[in-house]
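The numbers in the numbering used here rise by one with no breaks, and the one at position 95 of the sequence shown is 95.
Derived from the structure by calculation, the hints contain no laboratory data. Note that the coordinates shown come from a computational prediction; the quantities given were computed from them, not determined experimentally. Each residue gets a CB set at the ideal place from its N, CA and C atoms; glycine is no exception. Any given hint could turn out to be false.
Said to hold, decoys possible - The calculated label-pair distances, taken between Cβ atoms and stated as ranges, are:
| # | residue 1 | residue 2 | range |
| --- | --- | --- | --- |
| 1 | Asp149 | Thr34 | 39 to 47 Å |
| 2 | Thr196 | Glu32 | 41 to 49 Å |
| 3 | Asn44 | Ser203 | 44 to 52 Å |
| 4 | Ile289 | Thr64 | 21 to 29 Å |
| 5 | Asn282 | Pro103 | 22 to 30 Å |
| 6 | Asp194 | Gln57 | 24 to 32 Å |
| 7 | Ser203 | Asp302 | 33 to 41 Å |
| 8 | Ile289 | Ala69 | 40 to 48 Å |
| 9 | Val261 | Asn44 | 42 to 50 Å |
| 10 | Thr64 | Asn109 | 26 to 34 Å |
What the hints assert, rightly or not - Dumping the calculated DSS-like pairs for lysine-lysine here, alpha-carbon to alpha-carbon at most 30 Å:
| # | residue 1 | residue 2 |
| --- | --- | --- |
| 11 | Lys128 | Lys80 |
| 12 | Lys128 | Lys284 |
| 13 | Lys193 | Lys80 |
| 14 | Lys284 | Lys193 |
| 15 | Lys78 | Lys193 |
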Amino acid sequence: MAFQNNSGDIILDVVLTDEGRRLLALGGGDFEITQFALGDDEINYALFETGSTTALQDLSILQTPILEAFTNNTSMMKSKLLSLTDSSLLYLPVLRLNTLREPLTAQNNFVVCVDSVTWDDSSSTSPKSIGVDSESGERDGFIYGASTDDSGAHIVVDSGIDSTDITQLTDGTPIETSFMIQIDNRLGSIVSKDGTSSLSPTSIDDDNVATYLIQSNPAGGSTSWVSSPSQENYENNDTPINGPISKRLLFKIRSSEDLRVSNFLFNRIGSTISDSTYAHDNVKIIDSIVRVSGITTGYSLDIPVRFAKSV
1 MAFQNNSGDI ILDVVLTDEG RRLLALGGGD FEITQFALGD DEINYALFET GSTTALQDLS
61 ILQTPILEAF TNNTSMMKSK LLSLTDSSLL YLPVLRLNTL REPLTAQNNF VVCVDSVTWD
121 DSSSTSPKSI GVDSESGERD GFIYGASTDD SGAHIVVDSG IDSTDITQLT DGTPIETSFM
181 IQIDNRLGSI VSKDGTSSLS PTSIDDDNVA TYLIQSNPAG GSTSWVSSPS QENYENNDTP
241 INGPISKRLL FKIRSSEDLR VSNFLFNRIG STISDSTYAH DNVKIIDSIV RVSGITTGYS
301 LDIPVRFAKS V
């Protein structure tokens with residue numbers, strides 16, 4: 001990794017996306033860049049010095065070293081810049097993980113039990129399950145990754161204005177109506193919150209990152225992926241959003257067949273742990289991230305997810 005010195009001339013360092021490189025490789029001479037994105041991942045706006053003279057207020061920001069462009073889309077462009085025509089907007093919608101509806105585990109993540117034995121082996125002696133406790137039942141934050149029903153936890157993401165200064169959404173306020181979910185395709189896929197409906201990814205890039213486009217009722221199915229909560233959800237403390245809610249996204253993660261039938265990926269990119277939080281001392285894990293982004297504003301939220309298998 002390298003940095004560009006940003007204290008002198010401005011240098012543009014640009015890379016093509018996976019799709020752009022594919023089109024360029026096709027040849028034919030008709031390759032043309034029609035879309036591009038800008039980001040400010042490295043910038044800390046808290047460095048703006050309001051007490052300095054006008055010329056020096058943003059000097060520290062302008063001299064911030066900038067990362068050289070590289071092609072790993074999971075590391076770059078997390079915060080894309082947005083152009084807005086309405087200059088009177090004071091707030092933009094954000095995404096918040098709703099742990100009031102679906103609590104996390106004690107490690108502040110979601111744990112995907114990749115097979116039925118890891119979820120619940122129905123044994124009172126030498127248990128291997130970590131998803132179900134023999135006394136208290138299903139554990140908070142544990143997702144049954146092999147289920148095709150509503151067993152286990154699911155993930156809830158709320159979108160709205162996170163400010164008590166706003167009481168309702170106006171016509172000019174941009175709201176999220178569609179969402180993009182990115183997940184390591186080797187580890188799992190995205191399904192509905194009840195586990196009955198699945199989607200095909202719109203793309204899988206060269207880093208094995210699968211992208212899913214979630215709309216209110218994708219693929220004409222009957223399962224609701226995106227709902228419109230009422231204002232009572234905010235008033236009843238049913239959401240982490242401190243203002244009006246626009247949309248609520250609900251989904252689960254289904255473990256991949258490779259994780260269910262083989263330990264290869266666990267041995268290759270994972271580890272084995274002994275943790276009193278789990279019911280027994282030998283659990284193979286892979287820690288990953290599932291990213292949810294709003295299509296309208298590009299606001300993204302990284303959700304920590306652990307894939308676990310009892311051995």
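Here is how each hint holds up against the structure:
1. Asp149 to Thr34: 39 to 47 Å: 44 Å, holds
2. Thr196 to Glu32: 41 to 49 Å: 43 Å, holds
3. Asn44 to Ser203: 44 to 52 Å: Hint violated: Cβ distance 32 Å, outside 44 to 52 Å.
4. Ile289 to Thr64: 21 to 29 Å: Holds, at about 25 Å.
5. Asn282 to Pro103: 22 to 30 Å: 26 Å, holds
6. Asp194 to Gln57: 24 to 32 Å: Once the Cβ atoms are compared, 52 Å apart, the range 24 to 32 Å for glutamine 57 and aspartate 194 is violated.
7. Ser203 to Asp302: 33 to 41 Å: Because 19 Å falls outside the window, the suggested range is violated.
8. Ile289 to Ala69: 40 to 48 Å: Once the Cβ atoms are compared, 21 Å apart, the range 40 to 48 Å for alanine 69 and isoleucine 289 is violated.
9. Val261 to Asn44: 42 to 50 Å: 46 Å, holds
10. Thr64 to Asn109: 26 to 34 Å: 31 Å, holds
11. Lys128 to Lys80: Violated - the C-alpha atoms of lysine 80 and lysine 128 are around 44 Å apart, more than 30 Å.
12. Lys128 to Lys284: Roughly 12 Å separates the two Cα atoms, so the pair holds.
13. Lys193 to Lys80: Roughly 29 Å between the alpha carbons, so the hint for lysine 193 and lysine 80 holds.
14. Lys284 to Lys193: 25 Å, holds
15. Lys78 to Lys193: 26 Å, holds
Violated hints, in rising order: 3, 6, 7, 8 and 11; the structure is consistent with all others.
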